[in-house]
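As given, the protein sequences belong to chains F and W, one line each in that order.
Be aware that the first sequence starts at 64, since it is given in this note's numbering, and climbs by one per residue.
Be aware that the second sequence starts at 149, since it is given in this note's numbering, and climbs by one per residue.
Possibly wrong hints are sitting among the right ones.
[To be verified] Using 27 Å as the maximum straight-line C-alpha spacing, the simulated BS3-like pairs for lysine-lysine come out as follows:
{"no.": "1", "chain 1": "F", "residue 1": "K69", "chain 2": "F", "residue 2": "K141"}
{"no.": "2", "chain 1": "F", "residue 1": "K226", "chain 2": "F", "residue 2": "K163"}
{"no.": "3", "chain 1": "W", "residue 1": "K312", "chain 2": "F", "residue 2": "K69"}
{"no.": "4", "chain 1": "W", "residue 1": "K489", "chain 2": "F", "residue 2": "K69"}
{"no.": "5", "chain 1": "F", "residue 1": "K141", "chain 2": "F", "residue 2": "K163"}
{"no.": "6", "chain 1": "F", "residue 1": "K156", "chain 2": "F", "residue 2": "K220"}
I should point out that these hints are in silico values taken from the structure, not numbers from a laboratory.
None of these values were measured; they are calculated from a predicted model.
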Amino acid sequence: MIRYFKDIFVSVWSVLVGMVVTFRHLFIPAVTIQYPDVKLKLPERARNRLYVNIDDCIGCDQCSNACPVDCIEIETVKSLPTEDLGMTSTGQKKRLWVTKFDIDIAKCCYCGLCVPPCPTECIKMTDVYEFSEFDRHNLIFNYSALTPARAEQVKTKTAAYEKDQAAKKAAAAAAAASAKVAQSSSTGSPPTSPLPKPPGGDSTSS
Amino acid sequence: MPIWWQLLEVLTSFSERLIDKVEQILRNILDNDIVVYTVMAFVPLLWVVPYALFAVWLERKVSAHMQDRLGPMRVGGWHGWAQTIADILKLIQKEDVVPAAADKKLHFLAPYVVFVGSYAAFAAIPFSSAYIGSNISLGLFYIIAVSSLVVVGILMAGWSSNNKWSLFGAMRSAAQIVSYEIPTALALLVVIMITGTLNLQEINQMQSGWFWNWFIFRKFPFVFIASIIYFVASLAETNRTPFDIPEAESELVAGYHTEYSGMKFALFFLAEYANMFAVSAIASTLFLGGWNSPFGDFLSGPLWGVFWFLSKGMFFVFVQMWLRWTLPRLRVDQLMYVSWKVLTPWSFACILGVGLWMMVAP
Chain F
64 MIRYFKDIFV SVWSVLVGMV VTFRHLFIPA VTIQYPDVKL KLPERARNRL YVNIDDCIGC
124 DQCSNACPVD CIEIETVKSL PTEDLGMTST GQKKRLWVTK FDIDIAKCCY CGLCVPPCPT
184 ECIKMTDVYE FSEFDRHNLI FNYSALTPAR AEQVKTKTAA YEKDQAAKKA AAAAAAASAK
244 VAQSSSTGSP PTSPLPKPPG GDSTSS
Chain W
149 MPIWWQLLEV LTSFSERLID KVEQILRNIL DNDIVVYTVM AFVPLLWVVP YALFAVWLER
209 KVSAHMQDRL GPMRVGGWHG WAQTIADILK LIQKEDVVPA AADKKLHFLA PYVVFVGSYA
269 AFAAIPFSSA YIGSNISLGL FYIIAVSSLV VVGILMAGWS SNNKWSLFGA MRSAAQIVSY
329 EIPTALALLV VIMITGTLNL QEINQMQSGW FWNWFIFRKF PFVFIASIIY FVASLAETNR
389 TPFDIPEAES ELVAGYHTEY SGMKFALFFL AEYANMFAVS AIASTLFLGG WNSPFGDFLS
449 GPLWGVFWFL SKGMFFVFVQ MWLRWTLPRL RVDQLMYVSW KVLTPWSFAC ILGVGLWMMV
509 AP
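Sequences are here, hints too, so could you generate the full structure?
Here's what the structure looks like:
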């Protein structure tokens, strides 16, 4: 019987205590952050979307090799000796046209492994995390400074140059070879030509 | 005297018999009793629907702030005030899904029965000294009787859905409402013993004057305890937490309205909130003086009566929400324990106490 009254008292009392607690919470400022209006400050070294400062890129392909998910695709073309691609801000000479530097950020796992190998420190992770798209293909970011037409132009130019060089080289090689042959035949030095003189001709001449 | 005060007085005197005038005008135009009564039946709906929209929003805000959240903040600008309007527009557009194995007729009928049950109670609720839907002498009895229709609708919904969770919810609801109607009625009986009438308008008039004339402060502490018993039992009757086992989300998906979607679900929702206000209205009428001003003649009158009545009702609605976000759900056996072993004996004790008091000092 005492237990019965005690139970009633305890339950009524605990309801009242609970109501006081919840009523107090009614006036405690909410912890909610209204996201698009208010944003939390990210940690200093937060790793989010990749960014490439293409002006500093020398096209060494090291970031692409470091990437565990192969989200970086780089294509380079050698520059002509006559062309000057300038220097990076770290003082390295740029020798390659970077015709393609695509990062598929949809594949990126934000590990940051691409950042340390970069010799010119041009690839880095930024604090940008709002880049949602309706189409997955829009998440492939093109960082190459060259327009597709320009890249094509560079490619054909270099190819032509290389072809030209190869042709020249071949020609040179051929010339060298023929020269060698010519030399060997014209000078006809005895050690190089052990062939016996044709008996007929020689006899007639002598 | 400020101009708005005069304006208010003009408005008050005009509204004195406003409803009667409206009815008179309608009668002149339409000249058909049935049509006039049908139109007049929609008058409480002018309060119930905006109230339900507001209460759903309020519930979400109260729950959010009690948990240190913000709740809806976007729709409509200021603190998401238009959220429920957007929700109801969404519900209207939604597909009305009826399960293939459901009993189609009962499944269709159930939400209407539930809503009619809770809305019919508004017919006898006195909103003001000038307005009561139907000033019948058995008002309170009528409200208790007609609000039992809700359980029929709930049972209908749960059983016709042909879903075990719905059926569980419906059975629990039936068991709960049947057992909690007893303490509810007994607690109201405590007041009826003092008033000697079931007419809610007369009960209101008995409590006019200052707030110590309210029944909650009379025959202390018997009526006070009865008011608490009534409030607790009414929570169970409206399926509100901590007595929300009929729609216990974590156990029964959504209870009896699991298989409802679109407008029918909205009707269940509307009925629940209408029911909440109906029981709050009865509590405020019987215990807190209804449309009477707490300060005697100050701020009293038919229009102020509406204000006082609605604010007292909304106070109880707020307390219901407050309790919902304070208490966990009761177990089924605890529910039955509270009803049969606590509330019912204590309401009998209150009846006995008031009876003896009235016998000794009438």
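Hint-by-hint comparison with the structure:
1. A hinted pair counts as satisfied when its Cα atoms are at most 27 Å apart, and F:K69 with F:K141 does not qualify at roughly 90 Å.
2. Between F:K226 and F:K163, the direct Cα distance comes to roughly 22 Å. Compliance with the 27 Å bound is thereby established for this hinted pair.
3. For the given pair, W:K312 sits about 38 Å from F:K69 by alpha-carbon distance, which is inconsistent with the 27 Å threshold.
4. Proposed proximity of W:K489 and F:K69 is supported: the alpha carbons are some 14 Å apart, at most 27 Å.
5. A C-alpha spacing of about 13 Å is found between F:K141 and F:K163, which places the hinted pair at or below 27 Å, so the restraint holds.
6. Only pairs whose Cα atoms come within 27 Å are accepted, and F:K156 paired with F:K220 is accepted, the gap being roughly 20 Å.
Hint compliance for this structure: hints 1 and 3 are broken, all remaining hints hold.
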